[in-house]
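**Student:** Sequence:
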Amino acid sequence: MGRNPWFETVTEAQRRAKKYLPSTVYGALVAGSERGRTIDDNTGAFAELGFAPRVVGHHAERDLSTTVLGVPSSMPVVISPTGVQAVHPDGEVAVARAAANRGVIMGLSSFASKPVEEVAEANPNTFYQMYWTGTRDAMVQRMERARAAGAKALIATLDWSFSNGRDWGSPAIPEKIDLRAMAKFAPNVLPHPRWLWTYLKSGRIPDLTAPNLQPPGGEAPTFFGAYYEWMQTAPPTWDDVKWMREEWGGPFLLKGVARVDDARRAVDAGVSGISVSNHGGNNLDTTPATIRLLPSIAEAVGGEIEVLLDGGIRRGGDVAKALALGAHAVLIGRAYLWGLAANGQAGVENVLDILRGGLDSAVLGLGHSSVHELSPDDLVVPDGFTRTLGAPRAAGPVG
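Per numbering that gives the first Met the number 0, the sequence shown starts with residue 0, numbered consecutively.
Simulated from the structure, these hints should not be mistaken for laboratory data.
Model, not experiment: these values are computed from the prediction.
Virtual Cβ for every residue (Gly too), placed ideally from N, Cα, C.
Some hints could be false.
Unchecked claim - Using C-beta positions, here's what the derived DEER-type ranges look like:
no., residue 1, residue 2, range
1, Ala-137, Asn-3, 39 to 49 angstroms
2, Ser-360, Ser-201, 50 to 60 angstroms
3, Pro-190, Ala-390, 34 to 44 angstroms
4, Asn-3, Val-55, 35 to 45 angstroms
5, Ser-201, Val-55, 18 to 28 angstroms
6, Gly-383, Pro-123, 39 to 49 angstroms
7, Asp-352, Val-380, 20 to 30 angstroms
8, Val-380, Asp-260, 37 to 47 angstroms
9, Pro-391, Met-230, 30 to 40 angstroms
10, Val-54, Glu-245, 19 to 29 angstroms
11, Pro-214, Phe-161, 22 to 32 angstroms
12, Gly-43, Lys-18, 19 to 29 angstroms
13, Ser-160, Ala-345, 34 to 44 angstroms
14, Leu-283, Val-54, 39 to 49 angstroms
To be verified - DSSO-like, lysine-lysine: derived pairs with alpha carbons at most 30 angstroms apart:
no., residue 1, residue 2
15, Lys-200, Lys-17
16, Lys-18, Lys-241
17, Lys-151, Lys-17
Using the sequences provided together with the hints, build the complete structure.
**Tutor:** Quick look at the structure:
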């Protein structure tokens, strides 16, 4: 008999992904930059927070459902957009189907390996993510394509500063998969026959192009071609953010906010919501964990727009902690990618079930009937846990 494909924690999904994937592919999922301090803090900070459970008064039925930017979700968890999911032949389509089966929203990266039309067909509740890259005309064309496919919201990711260099080394990724690349990476791939066989059965090879950035009448760029265009595009201003939001004309989420003053500027630009994010630790290293930054940002703007959080979510209890500190919902990234690698669509569903179960247990143990009742009173927050960036400093004594 084969091993039970079901896993009980996201950590176990990660173990299986590491064993199953070629090291270069797995290395691309680990991410982080420089020392890796931010990626460690993203997860470690959640472990510093404790729960304050109740012994009597639990509710037999609990409601985990919510809406995100007006779109219903069975729980406050959104699939975060991540690029080129070549860990599995079905990639983003498998993730979209899993999310649809579990009643949650699918976030699709413009750097994805599957076109927005296929993904939105698999999950009608799809949010399309864009970077500030290329000309305005090109960005409008991409928005119109996503809108025509049925995308219900736009996510703008603007925080990546092209930080690179990892103390543990970065994986070698080819420009495209051709005979030369196959020969070069064969020693890395052949020791992982199950992964190779999955692709051989599908009749496809890993696709390193970005079909959602394909210009009308042209060819889809490679991932590195798209990355080069991004690096050559002048960074956006707040006026550009406002233009982007107006051009889209629907629900608009700004991802990458870490400072209170940026959150306030986002409100002024007319966004529908923000995600408190440090790009999963894959940006400026030593940026504080997002859960440390959340309370001050939620306090500043949570009454005006929806405040989401991404970074470090590995358990349903982490979701509960984020909600208790002011998040409307969370986005998950690596967790579902490890599930996809471990067992395809069923692995992503497995991860979502783990998060749902852990969140439900927390809501039960804390004596609530709904996720909307979670508050700071449900947590043990250590002194000095939070960080506030970009807020006016109180005047100190003179002299």
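**Student:** Hint by hint, say whether it matches the structure.
**Tutor:** A quick look at each hint next to the structure:
no.	hint	in the structure
1	Ala-137 / Asn-3: 39 to 49 angstroms	holds, 47 angstroms
2	Ser-360 / Ser-201: 50 to 60 angstroms	violated, 37 angstroms
3	Pro-190 / Ala-390: 34 to 44 angstroms	violated, 51 angstroms
4	Asn-3 / Val-55: 35 to 45 angstroms	holds, 37 angstroms
5	Ser-201 / Val-55: 18 to 28 angstroms	violated, 53 angstroms
6	Gly-383 / Pro-123: 39 to 49 angstroms	holds, 44 angstroms
7	Asp-352 / Val-380: 20 to 30 angstroms	holds, 28 angstroms
8	Val-380 / Asp-260: 37 to 47 angstroms	violated, 23 angstroms
9	Pro-391 / Met-230: 30 to 40 angstroms	holds, 34 angstroms
10	Val-54 / Glu-245: 19 to 29 angstroms	violated, 52 angstroms
11	Pro-214 / Phe-161: 22 to 32 angstroms	holds, 23 angstroms
12	Gly-43 / Lys-18: 19 to 29 angstroms	holds, 24 angstroms
13	Ser-160 / Ala-345: 34 to 44 angstroms	holds, 36 angstroms
14	Leu-283 / Val-54: 39 to 49 angstroms	holds, 44 angstroms
15	Lys-200 / Lys-17	holds, 21 angstroms
16	Lys-18 / Lys-241	violated, 45 angstroms
17	Lys-151 / Lys-17	violated, 34 angstroms
The structure does not agree with the numbered hints 2, 3, 5, 8, 10, 16, 17 stated previously, though it agrees with the rest.
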